[in-house]
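Residue numbers (the working numbering): 2 to 469.
Hints are supplied without guarantee of correctness; some may be wrong.
What follows is a list of derived Cβ distance ranges for each label pair [said to hold, decoys possible]:
| no. | residue 1 | residue 2 | range |
| --- | --- | --- | --- |
| 1 | V86 | L180 | 27 to 33 Å |
| 2 | S176 | V218 | 29 to 35 Å |
| 3 | L142 | T349 | 41 to 47 Å |
Calculated cross-link-like contacts (lysine to aspartate or glutamate; reagent style DMTMM-like; alpha-carbon spacing at most 25 Å) [to be verified]:
| no. | residue 1 | residue 2 |
| --- | --- | --- |
| 4 | K393 | E348 |
| 5 | K403 | E354 |
| 6 | K100 | E156 |
| 7 | K366 | D379 |
| 8 | K344 | E317 |
| 9 | K403 | D379 |
| 10 | K100 | D167 |
| 11 | K395 | E354 |
| 12 | K407 | D371 |
| 13 | K94 | E40 |
| 14 | K366 | E376 |
Rather than coming from a laboratory, the hints here were simulated on the basis of the structure.
Don't be surprised by glycine CBs; every beta carbon is placed ideally from N, CA and C.
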Amino acid sequence: VVPATVMIGFCNGLAIVIGRAQLHPFQDHHTHEWVTGEELGWMLFILFTSMGTMHFFPKIPFRWIKMIPSSLMSLLAAIFIEFVVARYLCGFKGTKTIKDVSPFTSETAFPHLFFLDPKYDMNELILDSEGVQRIFLQGSLLCAIAMIECLMTVEVVNTLTKSQGDRGKSILALSFGNLIAGTVGGMGGDSMIGLSTMNCINGGTGRIAPFFASVLVMCCIMGAYPILNFIPVTALSGIMFIVVIHTFKWSSVIMIIAALFPNKIRKRLGIQSKIMRIDVIVIIVVTIVTITTNLAYAVLLGVIISGLSFAHGIGERVSVYKTENSDNLTVYNVDGPLFFGSKMHFETLFDYENDAPNVELNLIKATIYDYSGLEAIDCVARRYEEVGKSLKLKSLNPQSAKVFLKSKNLYHHVHYEFEEFDVPNVPQSFQVNVPGLLVRKASHVTPVNRTPSTSFASLVGSNAINDN
2 VVPATVMIGF
12 CNGLAIVIGR
22 AQLHPFQDHH
32 THEWVTGEEL
42 GWMLFILFTS
52 MGTMHFFPKI
62 PFRWIKMIPS
72 SLMSLLAAIF
82 IEFVVARYLC
92 GFKGTKTIKD
102 VSPFTSETAF
112 PHLFFLDPKY
122 DMNELILDSE
132 GVQRIFLQGS
142 LLCAIAMIEC
152 LMTVEVVNTL
162 TKSQGDRGKS
172 ILALSFGNLI
182 AGTVGGMGGD
192 SMIGLSTMNC
202 INGGTGRIAP
212 FFASVLVMCC
222 IMGAYPILNF
232 IPVTALSGIM
242 FIVVIHTFKW
252 SSVIMIIAAL
262 FPNKIRKRLG
272 IQSKIMRIDV
282 IVIIVVTIVT
292 ITTNLAYAVL
302 LGVIISGLSF
312 AHGIGERVSV
322 YKTENSDNLT
332 VYNVDGPLFF
342 GSKMHFETLF
352 DYENDAPNVE
362 LNLIKATIYD
372 YSGLEAIDCV
382 ARRYEEVGKS
392 LKLKSLNPQS
402 AKVFLKSKNL
412 YHHVHYEFEE
422 FDVPNVPQSF
432 QVNVPGLLVR
442 KASHVTPVNR
452 TPSTSFASLV
462 GSNAINDN
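Whenever a hint applies, use it, and build me the whole structure from the sequences.
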């Protein structure tokens, strides 16, 4: 359902949001002023060391190396530089660690049921109509965002692992995880693309990997939280910057640049990566909306733009051509889809003033998809009536005939007649020629078993029934 361009825009926007969040450690958390001087130098050194370890450690050609997560080695390298090199050998006061920003303590090590936690005063919970409405709306929005991002994360992981994940299991796990987290007073979440990408980079391509990652995080927070306080904050930024690099779709930059230049310049520069400009617009819009608002709005807007663009393009493909034009009769063959996107264009394809008094439409190669397609035919018939002419349907394929029959009482300007006849049992592959009637069935189409008494409805004069 979600177009690839929406996925690209979402990944780009998410990468930018994650990247911007990693700049906060370079600001004083009290004054919000940028860090300068020697402290900035050590922070950058730790940052690039963490990034380099994260990126190049998995490339070392030893089998046992693959068993050690590169993110863990990044943290160990950062702690070594912080406490051995910077503080002990060079006498520097040190950069910010987790202990300085948001320390782990014994009070936060174990979760508590939220209704038993003294931090929450349940008496302040207001459950009037306005309060319930706010809770429902906020919960619905978070649910939509979590489900969308979960499904999009599955697509990204499928690409990284060259496998096919189970979307149903992912949504079920998401729901149970949020239910448990909310019960113990935790923050709601979802399967983030950034963390999933980091997990895949470290070799965790199955469902056991995130399970054990969660268990180890829980053990670290509950039992080894004093060690976590020694981690430099910039080490975490370095890891996340690598995640940003892998999350951002860099090929989309070439697509956007190619869409800005005409064909002559693209050929001269050797750029063969141009896509439709409407797709580029979708990528840019989804990226910007993801950054400025939230994922749900971005995906919804991207799907709407892509859907309307597709409907407009397909709608232009409907065509009509005359197969007979005499003083008394004009016959049109219609080819293409009839739906809301082609309605206006379809109504402009007929010569209402110069056609013969009797007009027939052969719709065997056209397919009616919705009410707008039916309304388009009725509007054409009405315009012929306004100039003293009549329109008669000559034939419909089975799908269109089914749609038309169910709503035939809604149309007052179209003339039609129906005839019912039985189709006997026939072999899987056949071709029968009868004057005025041609019935075909291809052998590669899955047969549908019908009894000889099966009744079909067809318009009088229909010259084909494609039974598929």
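To see whether the hints hold, each was checked on the structure:
| no. | hint | in the structure |
| --- | --- | --- |
| 1 | V86 / L180: 27 to 33 Å | violated, 45 Å |
| 2 | S176 / V218: 29 to 35 Å | violated, 20 Å |
| 3 | L142 / T349: 41 to 47 Å | holds, 42 Å |
| 4 | K393 / E348 | holds, 15 Å |
| 5 | K403 / E354 | violated, 32 Å |
| 6 | K100 / E156 | violated, 37 Å |
| 7 | K366 / D379 | holds, 18 Å |
| 8 | K344 / E317 | holds, 10 Å |
| 9 | K403 / D379 | holds, 16 Å |
| 10 | K100 / D167 | violated, 39 Å |
| 11 | K395 / E354 | holds, 21 Å |
| 12 | K407 / D371 | holds, 12 Å |
| 13 | K94 / E40 | holds, 9 Å |
| 14 | K366 / E376 | holds, 18 Å |
Against the hints set out earlier in the document, violations occur for numbers 1, 2, 5, 6, 10.
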